[in-house]
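*Asks:* Residue-level listing of the chains:
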Amino acid sequence: MTGYILKRLLSAIPVLLGITVIVFLIMALIPGDPATAILGSYATPENVARLNRDLGLDKPLVSQYFIWLSNMLHGDFGTSFALNRPVIDEVLERFNATLVLAGTAFVLCAIFGVMAGVISAANQYGWADKTITFAVLLGISIPSFFLGMMMILFFAVNLRWFPVSGMWPIYGDRTIWVLLHHLAMPAIALAVVATGVVARLSRSAMLEVLRQDFIRTARAKGVDERGVIWRHALKAAMVSIIPVLGIQAGFVLSGAVYIEIVFQWPGVGRMLVDAILKRDILLVQGGVVFVAACYVIFNIAVDVAQSLLDPRIKT
Amino acid sequence: MTGFFQLLARNRLALAGGVVLSLVILLALVTPLLPLADPDVTDTANRFKLPFSEGALLGTDHLGRDLLSRLLWGTRLSLAVGFAAAIVAATIGSAIGIVAGFYGGRTDNLIMRGVDMLMAFPYILLALAIVAALGPGLFNALIAVAAVNVPFFARNIRGITVGIAHKEFVDAARLAGLSNTRIIVSEVLPNVIPVIVIAMSTTIGWMILETAGLSFLGLGSQPPQADLGSMLGEARSALITNPHTSIVPGLMILVIVMSINLLGDGVRDALDPRLKSGALSRPMAATRVDRKGPLPAPTGAGLLEVQGLQTQFHIKDRVYRAVGGVDLHVAKGECLGIIGESGSGKSVTALSVMGLVASPPGVITGGAAHYEGEDLIGAPYRRLRGMRGRNVAYIFQDPLATLHPLYRVGDQLIEAIRAHRPIGREEGRRKAVELLTAVRIPNPEKRIANYPHEMSGGMRQRVGIAMALANDPDIIIADEPTTALDVTVQAQVLTILDDLRRSRGLAIIFITHDFGVVAQLCDRVAVMYAGRIVEEGRTADILGAPRHPYTARLMACVPEVGGGKRRLEAIAGLPPVVDRLPEGCAFAERCLKAQEACRRDEIPLVRDGASAVRCLYPNDPSREAAE
Numbered sequence: 001m002t003g004y005i006l007k008r009l010l011s012a013i014p015v016l017l018g019i020t021v022i023v024f025l026i027m028a029l030i031p032g033d034p035a036t037a038i039l040g041s042y043a044t045p046e047n048v049a050r051l052n053r054d055l056g057l058d059k060p061l062v063s064q065y066f067i068w069l070s071n072m073l074h075g076d077f078g079t080s081f082a083l084n085r086p087v088i089d090e091v092l093e094r095f096n097a098t099l100v101l102a103g104t105a106f107v108l109c110a111i112f113g114v115m116a117g118v119i120s121a122a123n124q125y126g127w128a129d130k131t132i133t134f135a136v137l138l139g140i141s142i143p144s145f146f147l148g149m150m151m152i153l154f155f156a157v158n159l160r161w162f163p164v165s166g167m168w169p170i171y172g173d174r175t176i177w178v179l180l181h182h183l184a185m186p187a188i189a190l191a192v193v194a195t196g197v198v199a200r201l202s203r204s205a206m207l208e209v210l211r212q213d214f215i216r217t218a219r220a221k222g223v224d225e226r227g228v229i230w231r232h233a234l235k236a237a238m239v240s241i242i243p244v245l246g247i248q249a250g251f252v253l254s255g256a257v258y259i260e261i262v263f264q265w266p267g268v269g270r271m272l273v274d275a276i277l278k279r280d281i282l283l284v285q286g287g288v289v290f291v292a293a294c295y296v297i298f299n300i301a302v303d304v305a306q307s308l309l310d311p312r313i314k315t
Numbered sequence: 001m002t003g004f005f006q007l008l009a010r011n012r013l014a015l016a017g018g019v020v021l022s023l024v025i026l027l028a029l030v031t032p033l034l035p036l037a038d039p040d041v042t043d044t045a046n047r048f049k050l051p052f053s054e055g056a057l058l059g060t061d062h063l064g065r066d067l068l069s070r071l072l073w074g075t076r077l078s079l080a081v082g083f084a085a086a087i088v089a090a091t092i093g094s095a096i097g098i099v100a101g102f103y104g105g106r107t108d109n110l111i112m113r114g115v116d117m118l119m120a121f122p123y124i125l126l127a128l129a130i131v132a133a134l135g136p137g138l139f140n141a142l143i144a145v146a147a148v149n150v151p152f153f154a155r156n157i158r159g160i161t162v163g164i165a166h167k168e169f170v171d172a173a174r175l176a177g178l179s180n181t182r183i184i185v186s187e188v189l190p191n192v193i194p195v196i197v198i199a200m201s202t203t204i205g206w207m208i209l210e211t212a213g214l215s216f217l218g219l220g221s222q223p224p225q226a227d228l229g230s231m232l233g234e235a236r237s238a239l240i241t242n243p244h245t246s247i248v249p250g251l252m253i254l255v256i257v258m259s260i261n262l263l264g265d266g267v268r269d270a271l272d273p274r275l276k277s278g279a280l281s282r283p284m285a286a287t288r289v290d291r292k293g294p295l296p297a298p299t300g301a302g303l304l305e306v307q308g309l310q311t312q313f314h315i316k317d318r319v320y321r322a323v324g325g326v327d328l329h330v331a332k333g334e335c336l337g338i339i340g341e342s343g344s345g346k347s348v349t350a351l352s353v354m355g356l357v358a359s360p361p362g363v364i365t366g367g368a369a370h371y372e373g374e375d376l377i378g379a380p381y382r383r384l385r386g387m388r389g390r391n392v393a394y395i396f397q398d399p400l401a402t403l404h405p406l407y408r409v410g411d412q413l414i415e416a417i418r419a420h421r422p423i424g425r426e427e428g429r430r431k432a433v434e435l436l437t438a439v440r441i442p443n444p445e446k447r448i449a450n451y452p453h454e455m456s457g458g459m460r461q462r463v464g465i466a467m468a469l470a471n472d473p474d475i476i477i478a479d480e481p482t483t484a485l486d487v488t489v490q491a492q493v494l495t496i497l498d499d500l501r502r503s504r505g506l507a508i509i510f511i512t513h514d515f516g517v518v519a520q521l522c523d524r525v526a527v528m529y530a531g532r533i534v535e536e537g538r539t540a541d542i543l544g545a546p547r548h549p550y551t552a553r554l555m556a557c558v559p560e561v562g563g564g565k566r567r568l569e570a571i572a573g574l575p576p577v578v579d580r581l582p583e584g585c586a587f588a589e590r591c592l593k594a595q596e597a598c599r600r601d602e603i604p605l606v607r608d609g610a611s612a613v614r615c616l617y618p619n620d621p622s623r624e625a626a627e
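Top to bottom, those sequences are chains E and V. Position one of the first sequence corresponds to residue 1 (full-length UniProt numbering), numbered consecutively onward. Position one of the second sequence corresponds to residue 1 (full-length UniProt numbering), numbered consecutively onward.
Where hints are given, some of them may not hold.
[Stated by the list, open to error] The calculated EDC-like cross-link candidates involving lysine to aspartate or glutamate, where the alpha carbons are at most 16 angstroms apart (straight line), are: (1) E:K130 x V:D265; (2) E:K278 x E:D303; (3) E:K235 x V:D411.
Derived by calculation from the structure, the hints in this document are not laboratory data. Just so you know, these numbers come straight off a predicted model, no measurement behind them.
Required output: the full structure, derived from the provided sequences and hints.
*Replies:* As structure tokens, then:
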């Protein structure tokens, strides 16, 4: 098992390098001169040239890439000119908040999505199946930012059950209950789309499995229907559900950008949008690379979970 | 193609989605012709007018602009950008996929590695990076959304192309000296386009959402121009005071995306052949029973007595009579063989007894199966479940497919016991080892920790037998248990079964298509053809002198080791399809002795002592013996 994890981690290295190359190339597309952008259009040519030299921008593209890469490996993602603060500090701080939000949403979508899919498949064409199928369709069709806004309107403004926005109140204690109170709406709004996708896939994976011979064997042994569905069928269906959960984690992370804006959540998505609008390129670069790397690592964890579930995978 | 549209039209939800989407598209197309207010003219005196107020059907926004007008123009823009992004992504992605799939080798490897890299990003990070580089704007958002979806198309289309690139017609075109470009355009592309269209129909809703999202973030369309996303984004600051400015564009996005999804699902379902055949429906816990007419009373013959059993498969409006009135019985310690070609209904007969025929599409439409006087066919599910495995146990063919791949065999054995009585962890383990010992698996203490894929075929089948023995049943129904095994292993498994029958007094119903196995194990044999028994009797009698022409021909198919120069004969023709059974004898078409009368009426199974035959002109055993 340790060997397998090590092997997967090693295989992630080219992917991570690829990510840095792609991000670097996209950023190299930026029209105009970053030094001019930083110094403003009234800068003297001498100042621009000096800054270009300081930033290493007079060097060829390839060596620029390697300098950037080696700096990142040393934990130096550069300095955000808009915030005047090391990129890595800002990203780490913001990523915490995103992790709380996206992590909760991911757990919600995994649990409720799989449960809905199993119930749907077990009652195929029954009223539970039809209700769930319709709810799923609604869930995957509604823009999460619109859903979030409607939830604010209804649950926060009209019913006053939850705070309108933010992660913490401006005054008061920072206890776990306060956090959960603030987290509930954004996490649910973020989880809805992914839950729908997971439910849909779990349903079809379950239907596929329920037709297999070993299900008939379980029934022939006298296993009751609950055992057939939740022990035999679900375990086998998880083999095709888990990779989708891995993909959904990416969608949850993506959706978090919108939800963070709608609910004023101090996460990395909101930071990126702000940085783009302020053209704070280093912050965008650092944030994108950092989050993408975390996603790659997460997917390795998904693979490991898969190999734990399925003994047929050679570890 | 008409079938496709019919199927699509039958799906009412898809139809509704199609109608709504067409309406929205039509509305977007005629927007410039409608007498609408200018969407960009501000009128700060009339800010935030409510819907249905005078002069503004849907009210006005924070700058006093007419919401209806802005909604329609925004819809137009959102649809245009969404469709454009889909077309761009589909074109570029498909081109990449076709090139990778068609050329294969290093080209393929290089391209797909790149695609994998792009897919390693959560999609929005890539889109944000692209917008960050190009700057905010609707056109740049379009490029970002298209770029993010290119890998999806590339990967799907590559898969299809790889399949096509190795087809005969492509090889033929190559041999004919056509250039690669010609082959791609004239042979590959036409076969790939339907897949591209389907992939587009399932992703276009997504792309509309994504572009709306970027605009919502302020990275897409820039004021005063507005698509639905940026309308929503601008309205957000007035969400609490004037929610209608948010609700109007938000609902529009929901309506568009939902109708696209409904239509897309309908298209996908209409094109999925499995859905048409009903192959995607889940089998219920027990076979559906729908018996008409009086039920046969038990006569007390044997431990299990099957009378007039009829099982059908209802697939769409076809009815397949898999079992058309079968009578059988088996006594304690006896082994009854059921023999026949595949599709003769022997497995369905066996599975019907305990309600294990997949349903839908299976339905038991008549007959009874009495176990110690109790009718199993009519038994409620709870009763049936209690008896499955405990009174009547099954052994199936191909144990790799019939054992659960993700549980250890020991746990599967313990579960079989636990299904009927509570048993502790330790005792369960001991019992599992005992069972494996009973079927002569060496090292049972170690073997219980194995997964099915870690065992050989013969070992797996022994586990299958051990599982059937777990609760000391009275009857074991073995459905071709040795078919997937090689000959030596087959012999071992048969020996185990025979010993168990003798030592435990088991009744065995043994289903096979192999006369050799029947000779070795069975006391009596029933021969099935097209869902009915055509001959029944003591094994020695039937093997010695088959009376039904079908039995005789079936036996002639078997080469005998050391049997000298017996002619090996295949039976000409195919068994009849059981949804269109002929009048009279089902075998008449393939029978050399068939007469006029054979094709006329129902032919009864005529009993004579221990043997029975369903034939008007059976072979005469005494004459046969004399020959």
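*Asks:* State for each hint whether it applies.
*Replies:* Cross-check of the supplied hints:
1. E:K130 x V:D265: holds, 15 angstroms
2. E:K278 x E:D303: violated, 38 angstroms
3. E:K235 x V:D411: The given pair, whose Cα atoms are some 14 angstroms apart, holds under the 16 angstroms limit.
Of the numbered hints listed earlier, the single one contradicted by the structure is hint 2.
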